[in-house]
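Colleague: Listed below, chain by chain, are the residues.
Protein chains: 4
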Amino acid sequence: MIRTIILGQGMVANYFAVGLERIKTGEIPPYGVPLANVKLRRKIEEIEIVGAYDVDAEKVGKTVYEVAKKWIGEVSPIPEKLKEVEVREGVHLRSLNGVLSGVLGLERKMTLKDALNVIIDQWREMNPDVIVNVITTENAKPINSINELEERIDRNDIEKLTATQVYAYATLKYREETGRKAAFINAIPTPVANDEKIVEMYNRKGLPLFGDDGATGATPLTADLLEHMATRNRKVEFIVQFNIAGNIDFLALTLPERNIMKEITKVSIIKDILGYDVPHYIKPTGYLEPLGDKKFVSIHMEYYTFNNLKDEIYVNVRMNDSPALAGLLVDLVRIGKICIDKGICGAVYPVNLFYMKMPGPPGSKSTSKILAFQKLKEWLKEIDGLVDE
Amino acid sequence: MIRTIILGQGMVANYFAVGLERIKTGEIPPYGVPLANVKLRRKIEEIEIVGAYDVDAEKVGKTVYEVAKKWIGEVSPIPEKLKEVEVREGVHLRSLNGVLSGVLGLERKMTLKDALNVIIDQWREMNPDVIVNVITTENAKPINSINELEERIDRNDIEKLTATQVYAYATLKYREETGRKAAFINAIPTPVANDEKIVEMYNRKGLPLFGDDGATGATPLTADLLEHMATRNRKVEFIVQFNIAGNIDFLALTLPERNIMKEITKVSIIKDILGYDVPHYIKPTGYLEPLGDKKFVSIHMEYYTFNNLKDEIYVNVRMNDSPALAGLLVDLVRIGKICIDKGICGAVYPVNLFYMKMPGPPGSKSTSKILAFQKLKEWLKEIDGLVDE
Amino acid sequence: MIRTIILGQGMVANYFAVGLERIKTGEIPPYGVPLANVKLRRKIEEIEIVGAYDVDAEKVGKTVYEVAKKWIGEVSPIPEKLKEVEVREGVHLRSLNGVLSGVLGLERKMTLKDALNVIIDQWREMNPDVIVNVITTENAKPINSINELEERIDRNDIEKLTATQVYAYATLKYREETGRKAAFINAIPTPVANDEKIVEMYNRKGLPLFGDDGATGATPLTADLLEHMATRNRKVEFIVQFNIAGNIDFLALTLPERNIMKEITKVSIIKDILGYDVPHYIKPTGYLEPLGDKKFVSIHMEYYTFNNLKDEIYVNVRMNDSPALAGLLVDLVRIGKICIDKGICGAVYPVNLFYMKMPGPPGSKSTSKILAFQKLKEWLKEIDGLVDE
Amino acid sequence: MIRTIILGQGMVANYFAVGLERIKTGEIPPYGVPLANVKLRRKIEEIEIVGAYDVDAEKVGKTVYEVAKKWIGEVSPIPEKLKEVEVREGVHLRSLNGVLSGVLGLERKMTLKDALNVIIDQWREMNPDVIVNVITTENAKPINSINELEERIDRNDIEKLTATQVYAYATLKYREETGRKAAFINAIPTPVANDEKIVEMYNRKGLPLFGDDGATGATPLTADLLEHMATRNRKVEFIVQFNIAGNIDFLALTLPERNIMKEITKVSIIKDILGYDVPHYIKPTGYLEPLGDKKFVSIHMEYYTFNNLKDEIYVNVRMNDSPALAGLLVDLVRIGKICIDKGICGAVYPVNLFYMKMPGPPGSKSTSKILAFQKLKEWLKEIDGLVDE
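As you go down the protein sequences, you meet chains W, H, L and V in turn. Counting along the first sequence from 1, when you hit position 109 you're at 122 in the working numbering, and nothing is skipped either side. Counting along the second sequence from 1, when you hit position 264 you're at 277 in the working numbering, and nothing is skipped either side. Counting along the third sequence from 1, when you hit position 383 you're at 396 in the working numbering, and nothing is skipped either side. Counting along the fourth sequence from 1, when you hit position 198 you're at 211 in the working numbering, and nothing is skipped either side.
If we strip away everything but chain W, and leave its shape as in the complex, we get (with noise of 0.2 Å):
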């Protein structure tokens, strides 16, 4: 059994949760998981969510069910064994500052470090395998120190910590305190498997770390239509992306801070798949409520063939947004454990160079995705992660 608990009930944990369940009793086939059809050393059918956190008071208390039903009910069966997982109140920071603040009519009540050790002791008790990080997107720098993470937790300092930096600390805490190891999947953009600091805690403690922003959406798509450029030797003359949709993280994107740090986590690829740079226009465009959590992406780039001459293309995708990075999640979590079976442990490069955007360690170079696939099939044949049959 894999045990796993989920920070975040939101879209991807509800599809997540759904999903799985549904893959297990084998209602519906594993699309969408990349892993799927390879013989993993830990199956599906292991994976167990023994745990789920929220700050939203219309969850907190609830059953993940009951959530999953509001949330997704009209597109999706739900699972009646969702039934067993209560959502607990997790730890709210700056994530939703000026977007749903006044709406979640959440107060906290405990200071930080209490909350943390709260929180310890249910894990002590959940017994977590891995822990997914699903949280609504923050802006944040990576930390200086640990000792200053740490101070920042004890002075209650709120302003200068985000959740998921919290939890990432709380994972290593859990470590120390029960002496048992859990894995930490980062798939949203905060940056802890690129946090230098961080990683060298997890390296320190033996737990693997997988990490930043899961990759789905149009820039896994981007990648590989450049890697296609770039095997041909196409000149790239420019690149637009439009992003538009109408869940919550694209409300969120429209606040400008965070809309800028998506842009960093995806100019990266183009350099490190064609070599130079292209001018570009690649950021989630907008919010529109009635597109909902079905994305729509609008892609167009202009290149130089032989003889100089000029070709165009267009791509226009409407691409369900959080189920991608749930499909994810079931690889993701499994890889978690066998590394802790394994004893492999810090920032996992060939795992978070296919499913994440910004692949820790810090200075990982990105690839296409394709590309990445291979690499990723060939490291599990390296350290055994692949079954024998």
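What the hints contain is simulated information worked out from the structure, not anything from laboratory work. In this text the structure is predicted, and so the values were computed from the model without any measurement. Check before you lean on any hint, since a few could be wrong.
Which copy? The list can't say, so a pair holds if one copy fits it or any two copies do.
Heads up, simulated DSBU-like pairs for lysine-lysine below, C-alpha to C-alpha not over 35 Å straight-line [to be verified]:
(1) K52 / K284
(2) K83 / K284
(3) K378 / K56
(4) K52 / K154
(5) K173 / K154
(6) K296 / K388
(7) K37 / K394
(8) K323 / K94
(9) K248 / K323
(10) K323 / K394
(11) K323 / K82
(12) K94 / K52
(13) K248 / K284
(14) K323 / K83
(15) K248 / K355
Got chain W; can you put chains H, L and V on it based on the hints?
Modeller: Relative to the frame of chain W, chains H, L and V by itself:
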């Protein structure tokens, strides 16, 4: 120097000749040449066009400069250097029947056997390293035996032969009569590298054979898009891929028998990449004169993602058709010579896999172009095809 | 009440029956019905389906409810009301030859003349105001004279007749024998409102005739895009319009003789709207089963703008094919009855111009749909077809 | 002759001047000029550019030929005739603040009042029939009274004035001081024909006023697509319309205050055409230099069709931005002169409705461009603006 003969002075050959000379003088960068940034043992500057053949009365007897001027002079400067090569009369069998036969006005003045002797005498003088076949698409089946091929030539049975087969045979005959080796590059769909008997003979005679059907246009893009889907285990529900252009290839493809041939070529990639077949409509759809050589491609797919939800993708492309293939030839000619240098012969799979739509030898699996390019580079390292530096 | 008979209980008829009843009960809004927001003298609520015909053994004898349940039950609720109408056996000539003839298993048990008498007897009882023809597309030429048509029926010369012609004749015969008037709506490409002799007879007998080929799908969109170009005096250089679907209409159109017919229909709009002809590729391109009734349309145009510069436009659409036509029928049935009320007869150009791809009477000009809609509304005012309020 | 003054020698003015002269000499056809094929009383050949103004130090003192050569010389031949017109220094207020102010290097050497006098003296000599305003987009509110406008000019209160308002006032002043009439064409979004007080004065002084914001780009296309939806009573669920270009207008629009302005302009069309509002994201999205003046537009809509089913449409366009507006000016200048000929004054709605995005007078309804073009032609007939033949 890599002495190169071009069979069929059409659009591809014109772009090849023009682009090549412009790159050699530094006038333009080598965009569209996949290995231009890789240190291949043979340089672009070494390629020399020593002969050109066509069956069109309007081209025969003219210089490549004059032909290129007429056909692509409006969209590209034509290098003076091309005044040095004259287009000679080639073997005219069925390739243009029903399309241009009336227009051409060429009459066959000699038997096939005599023509073959004339051509080999010319080659004796030209001393080619590489023969590039880019004549108009012909409908053909693999031959049953080399003997039968020889008998048909002897009997002048032009109904049961294609020019491509005659040229592939001429290259073997040239080897036999002069002791010299030349690589044969078949960039059109007529099966040569997929013809068991021909492959066998090239192996026996020590000649490299690349083919069939240069991998340009929409198919490589579709292949890489499918690989992208495969890496996420998305279930593709259907594929539509329309193609339309205004060049002679699309005019030829409006003849039903050719169109069927093209479709066979393309379909195999789906199963090879995804592991399952997908309902699809993939074929050259039509001819529309004002599109010229810049084809319009429209691709549409739907696929299942995680939790059985559906996404949709639409791709529209305008791409220069002939220059794309011409760019590949710049690599193939160089690799052809490297194979001769290194004693590699027969249908060379790692080369064909990347550069061809229907990679020979017969029965070979296809793959996405991004993965094929990785394999090609690994193979080039192995055979010492790359320069150390 | 507007007593309506449907010929051909296929997709269009199913959507017509289902959508109509759902609108009548207020379950859904009348989207897709052009005049729904205009105060037409005849209300949607007045439409009553009193008869339905088909030649498919799987449908004959079933209720419209059962047929609709089977064919569109997965995508739409089916109103109970439709249990009241039974599908009767219609005239089966060549419409499905080569496609489904083997499957259908229906054998013609009587001569055409006898069948005609049976049908008119049934109509005598049904007492229809409007006959709607939505049988499968047939290839046909206009008839030379009504006499000849009658002789062919007498001779049972089924090779030289189409079911549509027989039904159009039956409507005239019904007028003659009962003294009652019914409007005939031909929503398929077979020429009826474009058949001079038939139009003449409808005029003589005082019956309204709407046709031919309901204006749905990509053509109306292309027409309005062209009108958009025309209002800016842009010079369109070419038009590509691909269509593909997975319904029986597209399956039928894969037969070459039908496809040619479709193309004739569509081309005339270009010159009528722009004032000049444009090189184009506009035709139903293919059949792909998983697309179902939701066709994929891809349009590409280039045009010259001011100072002779060139712009490019690409349009991709997924549109439900049959419901679009069904929506038009809701208007046409009502206008048919209004024409009878007001004594309007023959091929009614202002109606056909908007609702039909090939507006009769023969020789009529096409126009964009936006302008046709204005003319339709003006005409309705003139003939007192609108309710004052 | 129609003596024409251009305010703002930017891209639009360059294309206007160049295209106009090329059409006059017969070098190119009048594509992009909506009424070119209609027998308008005033011919294109009559238009004469007698003056040009700009505030850019790099343009002032140069001939229009030199300016056009520099800015569009790479994509278009420049007629020698344009050597006859010199670009004079215009009124520089806030239009380029924050974008190019540093670059321009022009300093205001005189008060607004003095500048106004200078300009009117120049116009006295130029004797214009039409003043065309195509300066860079400015953010402005309508004025409260002409008195207030005059006071601001007197006080030299440049913070509360825009160049457009000053020019619109100068045209009135010119009328007052010389007794001559000139039409004012405001092709940019700054409200002039939508400024009640200004419209009132133009009415009183007998001057025609066309504005605001020339209807080019994606908005007219969206308008006509919406009209297409309206004629079928489809319920549009949402509209996404992205725009991106690399010209100075898009650079300017990246300033938040301008972008907001643009959005106000565009939204009103939806309700005016469909009769209901639709959730939408319609705005100039970004700036990307290599796109140049050929903007990329991506439109996506979903709508409900009959039986409440949903269709999807995607439109991708590359369109030359400035030439499109220049083409409209060729008509507007001629209609301006016709209005003077016929004594028509004030904000002329039938003209503005077709040519402008925000048709004045204030409070005017928008409509689709296809319908507006019909109304324009009817109005031209009524006012005797068309030549009989």
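Colleague: Against this structure, judge whether each hint is valid.
Modeller: To see whether the hints hold, each was checked on the structure:
Taking identical chains as interchangeable, the C-alpha atoms of K52 and K284 lie at most 35 Å apart whether they share a chain (34 Å) or sit on different chains (20 Å). For the identical chains of this complex, K83 and K284 are inter-copy neighbours only, at 32 Å across copies versus 42 Å inside a copy, given an alpha-carbon limit of 35 Å. Within a single copy, K378 and K56 get their C-alpha atoms as close as 30 Å, and across copies as close as 30 Å, so both meet the 35 Å cut-off. For the homomeric pair K52 and K154, neither the shortest alpha-carbon distance inside one copy (38 Å) nor that between copies (41 Å) is at most 35 Å.
With identical chains, the CA atoms of K173 and K154 are at most 35 Å apart within one copy only, with a shortest distance of 9 Å there and 42 Å across copies. Taking the shortest alpha-carbon separations for K296 and K388, both the intra-copy value of 28 Å and the inter-copy value of 33 Å come in at or below 35 Å. Within a single copy, K37 and K394 get their C-alpha atoms as close as 25 Å, which meets the 35 Å cut-off; across copies the closest is 45 Å, which misses it. Proximity of K323 and K94 under a CA criterion of 35 Å is satisfied inter-copy only: 24 Å between copies versus 55 Å inside one chain copy.
For a Cα distance limit of 35 Å, the shortest separation of K248 from K323 qualifies both inside one copy, at 9 Å, and across copies, at 23 Å. In the homo-oligomer, the alpha carbons of K323 and K394 lie at most 35 Å apart only across protomers (32 Å), although the nearest pairing inside one protomer, at 42 Å, exceeds that limit. With identical chains, the CA atoms of K323 and K82 are at most 35 Å apart between copies only, with a shortest distance of 19 Å across copies and 50 Å within one. In this homomeric assembly, K94 and K52 come within 35 Å of each other (Cα to Cα) only inside a single copy, at 26 Å, whereas the closest approach across copies is 54 Å.
Within a single copy, K248 and K284 get their C-alpha atoms as close as 12 Å, and across copies as close as 30 Å, so both meet the 35 Å cut-off. When the C-alpha separation of K323 and K83 is checked against a cutoff of 35 Å, the pair qualifies only between copies, where the shortest distance is 21 Å, while the shortest distance within a copy is 49 Å. Proximity of K248 and K355 under a CA criterion of 35 Å is satisfied inter-copy only: 32 Å between copies versus 43 Å inside one chain copy.
Hint 4 from the list above is the single one not met by this structure.
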